[in-house]
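*Asks:* On the provided structure of chain A, position chain B as indicated by the hints.
So the protein lines, in turn, are chains A and B.
Mapped onto the working numbering, the consecutive letters of the first sequence carry residue numbers 1 to 982.
Mapped onto the working numbering, the consecutive letters of the second sequence carry residue numbers 1 to 95.
Keep in mind the hints are simulated off the structure, nothing from the lab.
Just so we're clear, the structure is a prediction, and the values are computed from it rather than from any experiment.
Certain hints may be false.
[To be verified] Straight line, CA to CA, 30 Å or less: simulated DSS-like cross-link-like pairs of lysine-lysine:
1. Lys478/A <-> Lys58/B
2. Lys457/A <-> Lys445/A
3. Lys94/B <-> Lys730/A
4. Lys455/A <-> Lys44/B
5. Lys565/A <-> Lys478/A
6. Lys455/A <-> Lys30/B
7. Lys730/A <-> Lys649/A
8. Lys94/B <-> Lys459/A
9. Lys727/A <-> Lys94/B
10. Lys44/B <-> Lys462/A
11. Lys459/A <-> Lys44/B
12. Lys58/B <-> Lys445/A
13. Lys730/A <-> Lys660/A
14. Lys94/B <-> Lys660/A
15. Lys459/A <-> Lys445/A
16. Lys58/B <-> Lys455/A
17. Lys462/A <-> Lys30/B
18. Lys44/B <-> Lys457/A
19. Lys462/A <-> Lys445/A
20. Lys462/A <-> Lys94/B
What follows is the residue order along each chain.
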Amino acid sequence: MSFFGFEQNNDLENEKRRFLEGGLSGAKQEDVAVYTWGEESYDGLGDALQEGGDELNDETFGAAEDIGKDFDFSGTALPEHQRAAPHQPAQPPERGSSQQQTSQTSQRASHLEPSHSSQLDAIWGNKSPFSVLPRSNGSSRTVDQLATQSPKYTHKPSSLNLGPDLHKGVHTLEEIEKEMLAAAAAQQRRQQQQVDEHSVQQELQEMQLQEHMLHQQHQLATPGLLQSPTRAHAQRPPAAAAAAVGIQNTATPPPRMHPHSQSPRFHQQQQQHQIHLLQMQQQQQQQQRQLLELQEQRERQQRQQLLQLQEQLKLEELERQQQLRLQQQQLQEQQYIQNHLLHQRGISPALSDLHHRGMSPAMGERARRVGRQSPAIMSPQGTLDVPFAQNMQYLPQNIQMQQRLLAEMAQAEFLSTMQGPGHSERDLREARELQEMLRVEAMRKIMEAERMEEKRKRKLDKIAHMSRYNDLMTQSDKDFITRIQVSQLVTQDPYADDFYAQVYGAILRSRMGIATSEDRVLRFGSGGGVGLGLAQKVHGRRQGAMQRMEAQVERIVNNARLREKEKTSLNNLQGALGRTSGRSYKAAPRQLLQVDTSNVSTSPTTSHATAAHISKADSTKQEGEGAAREAAKMGREALATATEGLVRKDPLTHREALVKLEHLYDLVLDVEQRRRDQPPLEEVEEFEHWTVECNAIIDQIFDELMVSVPLETSHPHPFVSLITPIKGKKLLPRVARIFELQRMQVLLTLIVACFLQLDVVRQAPLLDSLEETREVKDLEVQTQAFQNSVVQSILPVIAKAQMRLVIGLFGILLDECTVHSIAMTRVSRTPGIALLTLFLSRVEVLRHNVATGSEVEELPTAEEMQRWHMMYNLLFDMIRPNLQLLFPSVRLALQANTSFVNIPNADVIDQPVWQFLATLAVHANEEQQQALVGGLREIVLENVATATKGWGNDSEERRRLRLANVNIFLHALGLDSSQITL
Amino acid sequence: MLIFSVFKTLTDQTVSVELKNDLSITGTLKSVDQFLNIRLDNIKVLDEGRHPHMMAVKNCFIRGSVVRYVQLPAEHVDTQLLEDATRRETAATKR
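Next up, chain A with everything else stripped away, as it sits in the complex:
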């Protein structure tokens, strides 16, 4: 067995093989071996055997029913063993030597005692069922297999001739005798040689079997071979059987039995196996009896000889049984000992080697021999497979696992022989527990493997089951369905119909930095197309599908067009005599494509088209009426303006504002679309036409924004009403993109003029509260929108504004504040601060330009600067008394009655104020700067102190921000927070 690399030492192996192959051929040697048991290793089993006289032959052969307890393997009543046990205290180490002696003597006998050979030959050439029976559990199959597998061996076992003869069934005695005589001479000559050959053959066979099983495991691992498990199942028994035969041939182990050490289940399995064997034997005996009767009737003269043979067989059978029984006992013992060992120090393959080396040479040699002979080691898989084999599916994984498990057991057994017997009661219990654990573990693994296998099989079955429906649809069927599906998606203007996805994709792509201006639209040459939505990873297959789809849709569209033409030409046949085959029979089904074909054929083709036409006309009529009314109103207003200079109007209601905003949005969208469809500059006429149209729409937008409506028209101003909803605020940046600067300046002026009317300014004081009411939240959102949309859109305008404009706007703002006493408190809130900061910084830039004499064409005049200083002083005086109250955190702290440093997020909301104060400080004269420092001293110190000394539990980031805020202001004064000593 290559498992432990022992195959080189073949003498013992050979003996075993010979026995396996020849069945009873080893009888001669065996009987020599049996009777030469003696010297030191004699285990007394010879005494236990009932042998010698023929007086018991009748009992043996005649009464098969009364078997006695010879075959009772359950281990409850084994007198021989009970008897034998005391004689064999030091059996295990000696077992091997005794066996070897046996084999040596048997070999010697085969050479030196030709007198026995006739008898031997008779057995050797025996084709009677007896010779077959020991192998009837399947070993013959392996021979067959071998014969087919390796032609080299097919001619050699002619003397054995096991393969074909086995299938013939029971032979007649004449046949047997003939064959016996014929084979006798050759048999004798070649016996030894055959034996050797067979051993080699057997070995090869076993290796092949193992390989085959391995191969099967591989096959199993790859899906597709559904029948492989069954094949494995079919394949497995021979191996098990061969192993079973192997048991019979191995040395007799000492009868140390611990039946209780086995788990009930294991025991049961063993019993089942034993029952199986028993049945076999009974069968055998029956056949023997039948045969005997036959013999007695026919050939009396040969009866004596045969009886002798029978007796030998029987004896051998008995011996084998006993051996088998002992083997099983040994097995149980092995496991128990193994567990014990496992418990004691764990099993490792190296351990056995260690033991070898650690022993005296003689002991080591002996041990090696024992190891070689021990059945578990000789055939670990076979020997221990037997109990499992009875009721388990032979799944390759299981087998593999078992092999591993059993190899370990074998090793343990080997170690146990070193240790010798003698275990305390506690050890036994522990061993039992451990064994149970091991068994459970093994079972769990087996179950798991089975489950996995089952799952895999189910999956394969399902796939196989589903594959019945493969190719039910042809490619043209699939194309047809695709056409139907795609035709639903085809539109005249794929970009417009897929607007959201297109623009969203473009925004996404620009955000990701992928510059592709192309629309993700599939356009067809003849108009129409399909929007593809977001750009996705294009697989090769997908692209192919796209092209196919394109071609198909192209075809449908063209076909639809052709049909339309055909129809119109048929209509021309009206009035023709006879029957014209129109397409009336095809008219009923719904048209595949509802493409507006007006650009191809002028006639309204479908009711749908006409309906659309009518509704369109209706809507235009209504629009016209509305426009007329509007025009009349405007005319009246214009008239009124002309006569009285002003028409007082109610401010726009929320709803009116929203409606107007929607219309504005439509216009803006229109302009944006037109800008996207800008014709190339080369096509002058078209370009001019486009420019005119665009400008007309922009003019309309400007008008509808009502920026030029006199300030006093209503309160709030209509424009303010328009930008009150977030929607209106968000419109401004888009409008700003399409308006030129001058219009934006008008817009800016209006915003500044109506600044106090703005919702975010009017309600600004509401924000000075820590309460989280809905109004406050709404206002926060609105303020945020104002900062992001309105301030952002007027920022570039102010950045380009001339001094004159800035002074003008500043004046307007200050006027408002001086007129209304509470105005300042409102202006000094976030939006106002932002606006003031913008103005102050712009003026600073302009002043800087004056100082450096840079390229700005319209430098502020001295007079303008004079005015600016005047206004600045005015502003400063207004701000001065309540410098601290500029900070939102301070106002919130006043409300909440705590220190401003405790206000959450104070640094963030204060930042614009610090920036404003910095710009204020830049413009301030010395006296004003001192006033500023005096007024803010407290806050600055507090901030610096908390920032540097880390009072409170502020985070590092917050402290840095706080310090940065203070520094913005201090740097404007030429100072730094580091100069402040606390």
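*Replies:* Okay, now just chain B, sitting in the frame of chain A:
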């Protein structure tokens, strides 16, 4: 076509589909067609205790007509663009 267009941009995002039978399924949007049939992956049903039969279901195809609501991930929807798209569509139908 607008909603279809919107859903096209939402593939591979997580959405919650509320069905007319009060089942609420959350999952990764795999695909949508013009009938707003929805294919979801890695689905999870809102109240698993009430719908134990859905626990084993990993993906599903929902017929568009049985959908009551679809909860979209706000961060993956451009509201302003959506507004524009609706305006365009209404403008297109008005014309």
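*Asks:* Now look at each hint and say whether the structure bears it out.
*Replies:* Evaluation of the provided hints:
For a cut-off of 30 Å, the pair hint linking Lys478/A to Lys58/B stands: about 27 Å separates their Cα positions. A threshold of 30 Å between alpha carbons decides the hint, and for Lys457/A with Lys445/A the separation of about 18 Å falls inside it, so the pair holds. Taking the CA atoms of Lys94/B and Lys730/A, the gap is about 25 Å. The hint holds against a cut of 30 Å. At most 30 Å may separate the alpha-carbon atoms for a hinted pair to count; Lys455/A and Lys44/B meet this at roughly 25 Å.
Simply put, Lys565/A and Lys478/A have alpha-carbon atoms about 29 Å apart, close enough for the 30 Å limit, and the pair holds. Distance hint between Lys455/A and Lys30/B is fulfilled; the C-alpha atoms sit about 28 Å from each other, no more than 30 Å. For the hint pairing Lys730/A with Lys649/A, the CA-to-CA distance comes to about 26 Å; that is within 30 Å, so the pair holds. Using a Cα cut-off of 30 Å, the hinted pair Lys94/B and Lys459/A is violated, with the two alpha carbons roughly 56 Å apart.
Our distance criterion of 30 Å between C-alpha atoms is met by Lys727/A and Lys94/B, whose separation comes to about 22 Å. Among the hinted pairs, Lys44/B with Lys462/A is consistent with the structure: their alpha-carbon atoms are about 26 Å apart, no more than 30 Å. Straight-line distance between C-alpha atoms of Lys459/A and Lys44/B comes to about 24 Å, which keeps the hinted pair within the 30 Å bound. For the hint linking Lys58/B to Lys445/A, the alpha-carbon distance of about 29 Å falls within 30 Å, and the restraint holds.
A C-alpha spacing of about 14 Å is found between Lys730/A and Lys660/A, which places the hinted pair at or below 30 Å, so the restraint holds. Our distance criterion of 30 Å between C-alpha atoms is met by Lys94/B and Lys660/A, whose separation comes to about 17 Å. Our distance criterion of 30 Å between C-alpha atoms is met by Lys459/A and Lys445/A, whose separation comes to about 21 Å. Restraint check for Lys58/B and Lys455/A: the C-alpha separation of about 18 Å stays at or below 30 Å, so the hint holds.
Proximity of Lys462/A to Lys30/B is assessed by CA-CA distance (about 25 Å); at most 30 Å being required, the pair is judged to hold. Using a Cα cut-off of 30 Å, the hinted pair Lys44/B and Lys457/A holds, with the two alpha carbons roughly 29 Å apart. At most 30 Å may separate the alpha-carbon atoms for a hinted pair to count; Lys462/A and Lys445/A meet this at roughly 26 Å. Between the alpha carbons of Lys462/A and Lys94/B the distance comes to roughly 54 Å, so the proposed pair goes past 30 Å and is violated.
The earlier numbered hints that this structure contradicts are 8, 20.
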